[in-house]
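Protein chains in written order, with the numbering used here: chain S, 21 to 800; chain R, 16 to 208.
These are computed hints drawn from the structure, not numbers from a lab. For glycine and all other residues, C-beta sits at the position ideal for the given N, C-alpha and C. A portion of the hints provided could be inaccurate.
What the hints assert, rightly or not - Pairwise CB distance ranges, derived in the manner of DEER restraints:
#, chain 1, residue 1, chain 2, residue 2, range
1, R, Ala206, S, Ala465, 25 to 31 Å
2, R, Asp166, S, Gly509, 23 to 29 Å
3, R, Thr52, S, Asp470, 57 to 63 Å
Claimed, not checked - Chain R residues, not near chain S, derived (Cβ > 12 Å throughout):
#, residue
4, Arg60
5, Lys87
6, Asp103
7, Ala115
8, Ser120
9, Arg138
To be verified - Sample of chain S residues lacking proximity to chain R, with all beta carbon distances greater than 12 Å (derived):
#, residue
10, Arg53
11, Arg116
12, Val187
13, Gly202
14, Arg320
15, Ser554
16, Asp797
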Amino acid sequence: MIAPHGVRASTTAPPAARPRTPPRGGVGSDAARPDGPPKVSGAFAFSSDLYAEHMLWGRTLRSPHPAARIVDVDVSEAAAMPGVHAVVTARDVPGRPTYGLEHPDQPVFADDVVRYQGEPVAAVAADHPELAWRATQAIRVTYEELDPLVDAEEAIDAAPIHPDGNVFRHLPIRHGDPDARGDVTVEGTYEVGMQDQAFMGPESGLAIPDGDGGVELYISTQWLHVDREQVAACLDLPPDRVRLTLAGVGGAFGAREDVSLQVHVCLLALRTGRPVKMLYSREESFFGHVHRHPARLWYRHHAERDGTLVKVEARLLLDGGAYASSSTAVIANASCFAAGPYRVPNAVIDGWVVRTNNPPCGAMRGFGAVQTCFAHEAQMDKLAAALDLDPIELRLRNVLRTGDTLVTGQVIRGTAPVREVIEAARDHPLPSEDDADPLTLPGGAGRTADRADVLRGIGFAVGFKNLMYSEGFDDFSTASVRLERGGDGEPVATVHCAAAEVGQGFVTLAQQIVRSVLGVDQVILRPADTQVGSAGSTSASRQTWMSGGAVQTAATAVRDALLRRVGERRGVDVQGARRQLLRLDDGAIVHADDPSFRIPLAEALENGSIEETREYHHDPTDPLDADGQGDAHVAFAFAAHRAVVDVDPELGLIRVVQIATGQDVGRALNPVQVTGQIEGGIAQGLGLAVMEEILVSEGKVLNPSFTDYLIPTTLDMPPVLATLIEQPEPGAPFGAKGVGEPPTISSTPAIVAAVRAATGLDLIRVPVRPPDIALADRPV
Amino acid sequence: MSGEPTPGYAAAGRSEGSAVPDEAGPSEAPLAAESETYELTVNGRALSVQSAWIGESLLHVLRERLGLPGSKNACEQGECGSCSVLLDDALVCACCVLAADAVGSAITTVEGLGADGPTDVQRAFLETGAVQCGFCTPGLIVTIHDLLDRDAEPSDLAIQEALAGNLCRCTGYGRILEAVHRVRAERAGQAAR
Chain S
21 MIAPHGVRAS
31 TTAPPAARPR
41 TPPRGGVGSD
51 AARPDGPPKV
61 SGAFAFSSDL
71 YAEHMLWGRT
81 LRSPHPAARI
91 VDVDVSEAAA
101 MPGVHAVVTA
111 RDVPGRPTYG
121 LEHPDQPVFA
131 DDVVRYQGEP
141 VAAVAADHPE
151 LAWRATQAIR
161 VTYEELDPLV
171 DAEEAIDAAP
181 IHPDGNVFRH
191 LPIRHGDPDA
201 RGDVTVEGTY
211 EVGMQDQAFM
221 GPESGLAIPD
231 GDGGVELYIS
241 TQWLHVDREQ
251 VAACLDLPPD
261 RVRLTLAGVG
271 GAFGAREDVS
281 LQVHVCLLAL
291 RTGRPVKMLY
301 SREESFFGHV
311 HRHPARLWYR
321 HHAERDGTLV
331 KVEARLLLDG
341 GAYASSSTAV
351 IANASCFAAG
361 PYRVPNAVID
371 GWVVRTNNPP
381 CGAMRGFGAV
391 QTCFAHEAQM
401 DKLAAALDLD
411 PIELRLRNVL
421 RTGDTLVTGQ
431 VIRGTAPVRE
441 VIEAARDHPL
451 PSEDDADPLT
461 LPGGAGRTAD
471 RADVLRGIGF
481 AVGFKNLMYS
491 EGFDDFSTAS
501 VRLERGGDGE
511 PVATVHCAAA
521 EVGQGFVTLA
531 QQIVRSVLGV
541 DQVILRPADT
551 QVGSAGSTSA
561 SRQTWMSGGA
571 VQTAATAVRD
581 ALLRRVGERR
591 GVDVQGARRQ
601 LLRLDDGAIV
611 HADDPSFRIP
621 LAEALENGSI
631 EETREYHHDP
641 TDPLDADGQG
651 DAHVAFAFAA
661 HRAVVDVDPE
671 LGLIRVVQIA
681 TGQDVGRALN
691 PVQVTGQIEG
701 GIAQGLGLAV
711 MEEILVSEGK
721 VLNPSFTDYL
731 IPTTLDMPPV
741 LATLIEQPEP
751 GAPFGAKGVG
761 EPPTISSTPA
771 IVAAVRAATG
781 LDLIRVPVRP
791 PDIALADRPV
Chain R
16 MSGEPTPGYA
26 AAGRSEGSAV
36 PDEAGPSEAP
46 LAAESETYEL
56 TVNGRALSVQ
66 SAWIGESLLH
76 VLRERLGLPG
86 SKNACEQGEC
96 GSCSVLLDDA
106 LVCACCVLAA
116 DAVGSAITTV
126 EGLGADGPTD
136 VQRAFLETGA
146 VQCGFCTPGL
156 IVTIHDLLDR
166 DAEPSDLAIQ
176 EALAGNLCRC
186 TGYGRILEAV
196 HRVRAERAGQ
206 AAR
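Throw the hints in and build the complete structure from the sequences for me.
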């Protein structure tokens, strides 16, 4: 049975937040994706589908060692191969030798040392991908292997493996009375394995030299402008000589925030004077992007006998791997949200993220909040058991509300429907235990268990995180909207915004927003590129708010300019003494006092098009002080998950039977797309709970393939019952919150809580592996 | 650069169905001894593959030589189903078939399914919200056609089993399964009439 998509529970929506008559396909409707038809026909051009005349194929040579000194790189044999047009190494990088999202500490090519297995050492361009591969095999690199630093705890005091040191960031949070004590304490240590984003479309791009020293790059990425900055710096070109255009993106989930092949492919194109295409294999993709930080987490919760939380103590240690990427922001999230969406008056939290010779880690959906949610929710269950309280009741007694203070000292000003998301998840019907096909038991078609041998459990978890960028970052997006008469004489709007569409459906929202503001049916989207201002990153659940805000603001400016134009031409005031006189209503400009005044949009546009460009900034935030205190975040989104699982205790196999969720969405601008985000986010949370882990031994990845790194299939995903809690967020465009990340945060701990409930085991680590159950000492 | 822009996106893709001549030249001599010229029958058309390296997979030849990039390259080791095509009516991963081995077989790709406008499966995907990034979509479309053409009324579980070889990372499969259920109901309704 497949659940119908999102039940919507609108609560306390001020009527002003809703447009009077939503135009067809406007905000709030289930408008269809504009890129849907080419995506189902196969005609949509992903970055890996690109082609240019006289195109060469690029390929990277990567280090087989996690730590080594490079003694010599001899490219002479490779460079002499017929059909090979360029071989480049560190010495060929004309500009800054390093790049990085926040700190440029990562070499374009390793020079003197390599710090992780898979670090690029050289790249080639050849006539055929097979020739390119053979050329990389003809490059002679002499390494002197070093002992890899692979333990995050040792890294803190170990000899630095990089000039910038081994500690990316230590973030202490001291809130309230550090010596406060509760009547009851529970303590635990937890671990989170390294998860991969595993987007379907591997890294790929096409670079075309412009013949004048510059380069055009067609690329799948999350943030065109920050890629351009890094490419330009490394190529020693002014930014306007590097033009990026978004090519079709096959999913992202954080893994495309960092530069992968961008510098390499542009360098090869400039070297050869020919277009160069690079395309990672799945194996190379595992080495070509950052992963979710593995974590070790220690917690102690203090509470009064009635369950009121008194204090949370936590020590968080994240392994950032070889380079900084976004580690400093990930640990900020892990730390700021370490106590969960609860009122916690006292907190002593220390977050650390360190450098090792393990694979570099950075952004992945949930961004730090995933790791600590797994721990704080296990702690809440432990506390409920110690207090003999129902776990949901314990959570309800401590939920955050608007006006409450976080452990960072920040007061929540926006909506915080934590109680509502919990109750919504709790109140969905539970699945029956009896009528299931035996093939749906753990083990599936293997028929390894009978119903009587299978244990069922139910688990619950709640989580939250920030929306948009934090800690004082000047976060903005730019959009340009043009309104004109199209060839058919009808009004048509054109949007130009660099927001990266990675599958989430921003392209749909941009059209919906313009339809709602301008009342036009036809909305054309120009390709996202660097010819318009930055839209910021498609990450941190921020594009609906930020680029949605930019599009809304630009469209509103177009509307106002049009009203002024009509007012001047007709000699009437736009604005009266007490109210607006001219309005755009249902495709025409109307006058409040004159029912006969009605100028259709197409007629108003006879004198030419109107175009406006706007930057949208969210409210400023502050850095965190030495005690981790400050108004560092703009807004928050919450979700709760209830999981039902079946477990075969003898083989340790788990089948997730159902997930129920309540999610705080502010307002659903496109309910079907919101449902898609919720179901997809839960699938990734399920993956982390029971199957997904990059296995790393002595710095080497053991399973860089979809044969050995398992992600959920149709048989692993249960029905999802979702309730959207719609309380419009003050200050957010249309009241909408970002919705991408919360589904991934608390679904993992809910599933593991259900497995604990079924088995009675502690299960302090995700993913839960079969031996963790089958070989565990059974509780008495 | 050739090809029509795809709405909303930059496109440097080739136009669908055009046989793009191989980039042959003196510099490709090193693979000449390992190359063959042969003909493939794709979507009912005989297409010539000129002096192609014999190690090329069917997926590579479709995408890079025959201008048919609809079949996707997510894993290239037979795990993800994104390159699903029909080879003489058998559902295969094009990445695991040597192109030169497909000579004499009838090959059907996603481009061949919707040649006369969107199929019922493609329409259902659009209507239910089954498309997000879309990278898995072509493979799923081919797989679902194969399933429903063999069994017009598969059980829910049979649908899940049939689709388990097609990985999707965006959707969690909920809308995709709803799309399949919709087509199943539509076809059952048509059969009853």
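_Name the hints, by number, that the structure is in violation of._
2, 5, 9, 10
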